[in-house]
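Engineer: Chains as they are written, first to last, in our numbering: chain H, 17 to 193; chain E, 2 to 662.
FYI, nobody ran anything at the bench for these hints, they're computed from the structure.
Positions of the beta carbon are idealized from the N, C-alpha and C atoms, including for glycine.
Heads up, some of the hints might be wrong.
Derived lysine-lysine pairs resembling PhoX-like cross-links, with alpha carbons at most 25 Å apart [stated by the list, open to error]:
| hint | chain 1 | residue 1 | chain 2 | residue 2 |
| --- | --- | --- | --- | --- |
| 1 | E | 275 | E | 306 |
| 2 | E | 47 | H | 183 |
| 3 | E | 223 | E | 295 |
| 4 | E | 223 | E | 275 |
| 5 | E | 316 | E | 306 |
| 6 | H | 103 | H | 74 |
| 7 | H | 71 | E | 526 |
| 8 | E | 404 | E | 453 |
| 9 | E | 80 | E | 51 |
| 10 | H | 183 | E | 51 |
| 11 | H | 103 | E | 61 |
| 12 | H | 183 | E | 41 |
| 13 | E | 332 | E | 344 |
| 14 | E | 344 | E | 316 |
| 15 | E | 555 | H | 74 |
| 16 | E | 390 | E | 223 |
| 17 | E | 267 | E | 480 |
| 18 | E | 332 | H | 71 |
| 19 | E | 316 | E | 390 |
| 20 | H | 74 | E | 361 |
| 21 | E | 480 | E | 416 |
| 22 | E | 306 | E | 262 |
| 23 | E | 569 | E | 555 |
| 24 | E | 80 | E | 655 |
| 25 | E | 243 | E | 223 |
| 26 | E | 344 | E | 390 |
| 27 | E | 61 | H | 71 |
Which residues of chain E face chain H? A few of them, derived with a C-beta cut under 10 Å, are [what the hints assert, rightly or not]:
| hint | residue |
| --- | --- |
| 28 | 34 |
| 29 | 59 |
| 30 | 69 |
| 31 | 71 |
| 32 | 74 |
| 33 | 246 |
| 34 | 268 |
| 35 | 315 |
| 36 | 541 |
| 37 | 542 |
| 38 | 545 |
| 39 | 549 |
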Amino acid sequence: MDASEREQYRAAIHGDREAFEMIIRTHSRTLFAIAYGILQNREEAEDVVQDSLVKAWKMRWRVRDPEKFPAWLSMIARHRAHDAFRKRRSLPFTHATTETSKANAPDTVAMDEELHSALATLPELHRAALTLRYFEEMDYRTIENTLGLTNGALRGILGRALASLRKQLRPALASTD
Amino acid sequence: MATVHDEIDNWLAADLYGELSDEEQRQLHTHLVECVACRKTHQETKTMNKILEETLAQQKPDPAFEQRMLAGFRNRVPKRTGLLKLLAGLMRTRAAQVTAIAAVLLGLVQLGRMITGETATPPAARDRYANEQLFEQPSQVAATSEPGRAGALAKSDELAATRPQAMPLQAPPPASSVEAKDKTESFAQTEQTIVTGSNIPMAQEAGPKPGETPASEVANRKLVRNATVELEIVTFDDAVQKITAIANDERGYVATTSSQKQANGKLRGEVVVKVLPENLDRFLQKIRTLGELKNQTLETEDVTKAYFDTDARLKNARVMEQRLIDMLQTKAGKVSDLLQVEKELGRVREDIEKMQGELKYWDSQVQFATVTISLAEKDMEEPAAFLIKERSQLALYAPDVEKIYNDIKALASQKVQITNAQLNRDYSGRVSATMSMLIAPEESDAVIARVKSFGRVENFQTQTERIAQGGSGMSENAKTKRDKVELNITISREEQEQAFQQTSLRIRTSSVDEKAKDLRAVAEKQGGRVRNSTFSRDPDGRELANVWLRVPMKNYPALMQSLDSLGKVENVTVQRQDRTGTQTDEANAPADISIQVYSQGNIVSHQSGPLATLRRTLAQSAGAIMWSLRMIGVGIAFLAPWVVAIGTIFLIAKRVIRARR
């Protein structure tokens, strides 16, 4: 983290709105990736990001160390997404995705659905890590920082996540080959 | 260590996401070449990655996403405007924060001051106070030792800087200002005066030696010298003779002699001797040899100034008198003027006589020194006689206070004086009496014995005092005399006396009322008196009678025996108060007996049975319900104010937090 970035976080913590809006610009995609990873639904994820930003602004004085500000933001987003996920547990979670991918070829649609249901079986953290990787193309280190993971934990997480997906999608994969 | 094959999933994922180092990549590829299963997995993973990329790419947020987020944020968190924003902005700067905290602290301190009423003393005022202190007591400053003054100066260093005159006086004054110098001189003068003043008493003690001083000075000065001497001598007359002889030797004379005989036959007296002032000291030395010197003082009064003042005024008055006489002789003017002159002349002459008298008095005082000698014979304090005073306190218990009161009054005779007699009856009808009498010594024993026989003696105390008369200390040949005996008597009624023995017992019988009556009869036969009795009957037919009796100790055993005839005696408790070391008339001492006579009553109680039990149970449960209702009420009443208070605080806090945002 360079000095200007840190200064930006510090200013935001001290109530500088400009700085905070700048952080919204740079970080909302990351937050979206986390939220989407957990919720698997774009609208809900957007709402969660919005809520998290507002909440972060209100609670900004709680952060002592400006360096931890991005991790703190991600944590808020994770918690809020988790809350939202729990609330709608009973609802089917694939309907949104099916709608968005109607235009695709029938076999792709089937593939998508299978992928989504496979994703749904993964732990929230694994999903969040995956989306961060695929949406933002972050390297391991950045993902670990964002999700507050310890050094090297992500390697196992992503390995297990991919393995799990692979096992579930094996029949489908065989057909595409 | 785990091999590549064991963790192939992690390795493949890391390879996919470009997280493998070159070395690791080489290892992976080596393994893939060797392992068919892993090769297959590698293939699958790559395919899946592709699918994932494709699928998730569709879910990526659109380019306008950030704008939407920003707009949403701005919409939900409106910008602060006006004063609030200014304040919030201001509070963000460190300087403003420090200032605010300082202001709050200052405010608290000021508030504390207001509460405690403490006011800060301005330092200037304190210094001024110190100055005043120093200047009010210049002599003290001059008199204090060097370190003391240094301390005083250190206390007010500012003072020392601004006012050099307070510097040590022995040191030469600092060459600062003329004013300072003047002040220093005035201090020095003060000191000198003190020294002179303190020298005077010292000179007096030593005794001035007129013979040694130059004659001219003595002649000019008018000194009145007086001495007093206190002596203890063996015989007064002898001493007076010797004093007269010494006075004659020293060309003086005995002016007055007075003596006084004490009760123990010793003499005390005073002799006033006039001697020439120059012989005074020698005279005093001779006088001292007559006996033991107790005290001696020598005073010298300088009347020179007053003497010459009066002398001058006398001369003026004489001139005045002469002029008035001249005016009368010329007989000029009106008659009224002449009368005025005559009157004035009379006044002036009166003054002249007064002044002449004064001068003469002084002359006589100066001519002779007065020595007052107080003489006292030895063993002045030996007592002449001893008086033995006896004082007795007697407390009596009697059945009839008034009778004894009158009996004792009847004892009054020439040898027995009743000095005080008082009969009291309080609101509850209790009678008590106090009496005081003086009895001639020879009659005292008989009278006291007689008074004692009137009632039961509770307490008797005698106090004997030997009083020395006409002095203090021991004397072998002083007479001893007995004074009248003072006797104070307190009479109280017997009932108030505490029982010597207390007994309580229960008697079970079938007919309580009848037995209670029998009990009274038995008690009366044994000389006992019923002090108190109660009778009660409860709804179950149980009867209960309580009787409290008091009998003399000698009849107690007989009474106890006769009680057996009344019924079954149960639960006997006896409490005896042995007053060790006192002589009490045990046979006549009162014994209290408390007797409870009771019957069993009905076998089936009115208070038992299923109905009664049901009634009681209902009553108890109703009571329990009422009690819990009351407790709930108390709880609500206790909690409600807290709930209101906490709710209010919470609301206010919420407002404040919202305002902050």
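Engineer: Is the straight-line distance between the alpha-carbon of residue 103 of chain H and that of residue 74 of chain H 25 Å or less?
Structural biologist: holds, 23 Å
Engineer: Tell me if the straight-line CA distance from residue 332 of chain E to residue 71 of chain H falls inside 25 Å.
Structural biologist: violated, 130 Å
Engineer: Holds or violated: residue 275 of chain E with residue 306 of chain E, Cα cutoff 25 Å?
Structural biologist: Distance of about 24 Å is within 25 Å: holds.
Engineer: Compare the distance between the alpha carbons of residue 103 of chain H and residue 61 of chain E with 25 Å, and conclude whether the hinted pair is satisfied.
Structural biologist: Between residue 103 of chain H and residue 61 of chain E the Cα gap is close to 24 Å, so the pair holds against 25 Å.
Engineer: Is the straight-line distance between the alpha-carbon of residue 344 of chain E and that of residue 390 of chain E 25 Å or less?
Structural biologist: Roughly 72 Å separates the two Cα atoms, so the pair is violated.
Engineer: Is residue 316 of chain E close enough to residue 306 of chain E, meaning Cα to Cα at most 25 Å?
Structural biologist: holds, 15 Å
Engineer: Identify whether the interface hint at residue 268 of chain E stands, where standing means a beta carbon of chain H within less than 10 Å of its own.
Structural biologist: For residue 268 of chain E, the interface hint is violated, since the closest Cβ of chain H sits about 106 Å away, which is over 10 Å.
Engineer: Given residue 542 of chain E as an interface hint, is the shortest Cβ-Cβ distance to chain H below 10 Å?
Structural biologist: violated, 78 Å
Engineer: Tell me if the interface restraint on residue 59 of chain E is satisfied: Cβ within less than 10 Å of some Cβ in chain H.
Structural biologist: holds, 6 Å
Engineer: Does residue 267 of chain E pair with residue 480 of chain E here, judged by a C-alpha cut-off of 25 Å?
Structural biologist: holds, 16 Å
Engineer: Taking 25 Å as the top limit, are the C-alpha atoms of residue 344 of chain E and residue 316 of chain E close enough?
Structural biologist: This hinted pair holds, its Cα atoms lying about 20 Å apart.
Engineer: Would the hint linking residue 243 of chain E and residue 223 of chain E be met if the CA-CA limit is 25 Å?
Structural biologist: violated, 31 Å
Hints 3, 7, 9, 15, 16, 18, 19, 20, 22, 25, 26, 28, 33, 34, 35, 36, 37, 38 and 39 from the list above are not met by this structure, while the remaining hints are.
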